[in-house]
Structures are given as structure tokens and as C-alpha cells.
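Could you put the whole structure together from the sequences, leaning on the hints where they help?
At position 46 of the sequence shown (counting the first as 1) the number is 46 in my numbering, and the numbers step up by one without a gap.
Check the hints yourself; a few may be wrong.
[To be verified] Ranges of calculated distance between the beta carbons of each label pair, as one might list FRET restraints:
(1) I10 with M30: 28 to 34 Å
(2) R33 with I13: 36 to 42 Å
(3) S32 with Q5: 28 to 34 Å
(4) S6 with R33: 26 to 32 Å
(5) V27 with D7: 29 to 35 Å
(6) Q5 with R33: 38 to 44 Å
(7) R33 with A12: 28 to 34 Å
(8) S32 with L11: 29 to 35 Å
No lab work stands behind these hints: they were computed from the structure. Ideal Cβ positions, reconstructed from N, Cα and C, are used throughout, including at glycine.
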Amino acid sequence: MPYIQSDTRILAISRNIGTLYTIYTMVSGMLSRWHIANPLDATPEMGHGL
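Set out below in C-alpha cells:
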């Protein structure tokens, strides 16, 4: 059953990425709401590149 094991691993990885992305959007939303300067936004060459 190697296929089922790899499928569950891919599902777990994608679920972790989704959770990390949700946490990141929540934290960045709170930071922008509190008007705290983001270091990536402070440097224009890096902020606009990303």
C-alpha cells in the first residue's frame, strides 16, 4: 500500500501549507490593522519584488 501512504502524506503537507497560509494572512491582517510597519514593505526594492 505505498500509494495510499504517499497520498495521505501529500494531503497532510497541503493541509499544513493551508494552515500556515491562513495563520500568515491573519497575522498580516492584524499587523496592518495595528499600523505596524512591515520590514518587507519598508524596503521598496524587496517589498514590490515579492
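Hints versus structure:
no.	hint	verdict
1	I10 with M30: 28 to 34 Å	holds (31 Å)
2	R33 with I13: 36 to 42 Å	violated (30 Å)
3	S32 with Q5: 28 to 34 Å	violated (41 Å)
4	S6 with R33: 26 to 32 Å	violated (41 Å)
5	V27 with D7: 29 to 35 Å	holds (31 Å)
6	Q5 with R33: 38 to 44 Å	holds (42 Å)
7	R33 with A12: 28 to 34 Å	holds (32 Å)
8	S32 with L11: 29 to 35 Å	holds (32 Å)
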